[in-house]
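Colleague: The listed protein sequences derive, respectively, from chains C and E. The numbering of the first sequence is this note's numbering, which starts it at 1 and goes up by one. The numbering of the second sequence is this note's numbering, which starts it at 1 and goes up by one.
Hints should not be assumed to be uniformly reliable.
Not close to chain C: a few residues of chain E, all C-beta gaps over 12 Å, as computed [stated by the list, open to error]:
#1 V19
#2 A32
#3 F38
#4 D64
A few chain C residues facing chain E, derived, Cβ under 8 Å [unchecked claim]:
#5 H27
#6 K132
#7 A137
#8 S195
#9 N207
#10 V208
#11 R211
#12 A242
#13 C395
What the hints contain is simulated information worked out from the structure, not anything from laboratory work. Where a beta carbon is used, it is the ideal one built from N, C-alpha and C, also for glycine.
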Amino acid sequence: MDTKASPYFTALKCRECSRTYPKGAVHVCDFDFGPLEAAYDYDAIKAVLTREAITSRPHSMWRYRELLPIDGEPTVGTQVGFTPLVRSKRLAERLGVSELYIKNDTVNYPTLSFKDRVVSVALSRACEMGYKVVACASTGNLANSVAANAASAGLISYVLIPADLEQGKVLGSLVYGTNVIGIHGAYDQVNRLCSEIAGKYGWGFVNVNLRPYYAEGSKSMGFEIAEQLGWRTPQHTVIPMASGSLLTKIHKAYTEFAKLGLIDATPFKVHGAQATGCSPIAEAMKKGTDIVKPVPKPNTIVKSLAIGTPADGYYAIRTMKETGGYAEDVSDEEVVEGIRLLAETEGIFAETAGGVTVACARKLIESGKIPADESIVLCITGHGLKTQEAITGKCGAPRLISPSLREFDALVGEEAAALALQ
Amino acid sequence: MPNVRIPTPLRKLTGDQEVVAASGSNITEILADLDATFPGLKERLCDESGAVRRFVNIFINDEDIRFLEESATPVKETDEISIVPAIAGG
Numbered sequence: 001m002d003t004k005a006s007p008y009f010t011a012l013k014c015r016e017c018s019r020t021y022p023k024g025a026v027h028v029c030d031f032d033f034g035p036l037e038a039a040y041d042y043d044a045i046k047a048v049l050t051r052e053a054i055t056s057r058p059h060s061m062w063r064y065r066e067l068l069p070i071d072g073e074p075t076v077g078t079q080v081g082f083t084p085l086v087r088s089k090r091l092a093e094r095l096g097v098s099e100l101y102i103k104n105d106t107v108n109y110p111t112l113s114f115k116d117r118v119v120s121v122a123l124s125r126a127c128e129m130g131y132k133v134v135a136c137a138s139t140g141n142l143a144n145s146v147a148a149n150a151a152s153a154g155l156i157s158y159v160l161i162p163a164d165l166e167q168g169k170v171l172g173s174l175v176y177g178t179n180v181i182g183i184h185g186a187y188d189q190v191n192r193l194c195s196e197i198a199g200k201y202g203w204g205f206v207n208v209n210l211r212p213y214y215a216e217g218s219k220s221m222g223f224e225i226a227e228q229l230g231w232r233t234p235q236h237t238v239i240p241m242a243s244g245s246l247l248t249k250i251h252k253a254y255t256e257f258a259k260l261g262l263i264d265a266t267p268f269k270v271h272g273a274q275a276t277g278c279s280p281i282a283e284a285m286k287k288g289t290d291i292v293k294p295v296p297k298p299n300t301i302v303k304s305l306a307i308g309t310p311a312d313g314y315y316a317i318r319t320m321k322e323t324g325g326y327a328e329d330v331s332d333e334e335v336v337e338g339i340r341l342l343a344e345t346e347g348i349f350a351e352t353a354g355g356v357t358v359a360c361a362r363k364l365i366e367s368g369k370i371p372a373d374e375s376i377v378l379c380i381t382g383h384g385l386k387t388q389e390a391i392t393g394k395c396g397a398p399r400l401i402s403p404s405l406r407e408f409d410a411l412v413g414e415e416a417a418a419l420a421l422q
Numbered sequence: 001m002p003n004v005r006i007p008t009p010l011r012k013l014t015g016d017q018e019v020v021a022a023s024g025s026n027i028t029e030i031l032a033d034l035d036a037t038f039p040g041l042k043e044r045l046c047d048e049s050g051a052v053r054r055f056v057n058i059f060i061n062d063e064d065i066r067f068l069e070e071s072a073t074p075v076k077e078t079d080e081i082s083i084v085p086a087i088a089g090g
């Protein structure tokens, strides 16, 4: 596809040494192996991207397209994003806080997780670069999104996943006619394999050689939060961490909006949430170091966050520290409680990572690290129907009767009478 | 001498050799020896203070040296050392 270069997205730039690179399929600096990141001409963006321009556009993540790294118009996932920001009353009461919001990416289009955001950018860029085959290393949600979005774009896809993923996530890839490769090993081993094969077959690996594009898609969650809050940042944002990328990109989103004058530059803190069975970033943060010790064998029901060698761990720690945020981690039991609490108070069924976010937020509030009278946003990143195994048998069971009025009366008669008196 | 596996981006410096031999009793010495044989290699792997760069991973027999004694990790004659830059993913 012949596309004119974007006047806004200018280059790729090494996060370590700032060397710049052309906008190709490269993700690390030739010199020091630092990750490459999209760079923009903010003066040019400032001239066109106003609140009025944004609000006049369709309700999708692409209303911020000058701040996303593609050259032309988006071609894949044009309807992704702009998920609800829900003002919470009942969960806020339970947590004892006054201003709480849920950023609900369990209903992101089309595959019910925030990964549709990153895939929309990566595959739009892949099409601009002429790729016919796209691929990814995934803990499940990314595989679902690559498979679905590739199908709708007419691209061939390969998704590589640990062989022991939740059935919902495996089926949620297979149905799109993708090539699912299950690897006997943990995510980090899948990832290392993908790094070795990324260049070999000329495929666009969304989270390897296309990672600079992919990662920027996460910013849209931050842009939406700021816009939906009435053009301001929340004082606290609690974000689940796997590689740590989402946390750094939400921070980047808030910072870019302030730089462009779309919001006032008020202080905000970003907090990271992990499962104790794989918490290399939270552990380093708690120890006060920025050296992230890899977790060789993650052991948690939260498979979507089970990355033992987090690519952006260092930057996530730096971001939390810079903003005055904290990291927390929770046990698998607390994760299940978190899932149930969110469902029972807000009617939102989140996957395990959502349980991590809710449970970590509760800990941060209880310990006073998040003051009860400040504004808080919880990032809920994926739908619970995908990880049913995690809560199977832990939410009770249906009460079974025959289709008989007598049996129904016997079953609920007393409780119905009690309810009528309330 | 221990063998060191060189990643693709650094093979320009090793004349396209994928595996090279290096002598030394720990990782620091191995890196110094590699730099003597292939000038410029250490600059790519270590920062100004001599510490292994943040996005360079070094494995001895598949064990990350961050789990061992970092660059002071002892190296035996029969060990296999791998240099793996830049973990992506996630």
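Colleague: Work down the list of hints and note, for each, if the structure agrees.
Modeller: Hints, one by one, checked against the model:
no.: 1; hint: V19; in the structure: 15 Å, holds
no.: 2; hint: A32; in the structure: 19 Å, holds
no.: 3; hint: F38; in the structure: 16 Å, holds
no.: 4; hint: D64; in the structure: 6 Å, violated
no.: 5; hint: H27; in the structure: 6 Å, holds
no.: 6; hint: K132; in the structure: 21 Å, violated
no.: 7; hint: A137; in the structure: 5 Å, holds
no.: 8; hint: S195; in the structure: 6 Å, holds
no.: 9; hint: N207; in the structure: 5 Å, holds
no.: 10; hint: V208; in the structure: 5 Å, holds
no.: 11; hint: R211; in the structure: 5 Å, holds
no.: 12; hint: A242; in the structure: 5 Å, holds
no.: 13; hint: C395; in the structure: 30 Å, violated
The structure is inconsistent with the numbered hints 4, 6, 13, although it conforms to all the rest.
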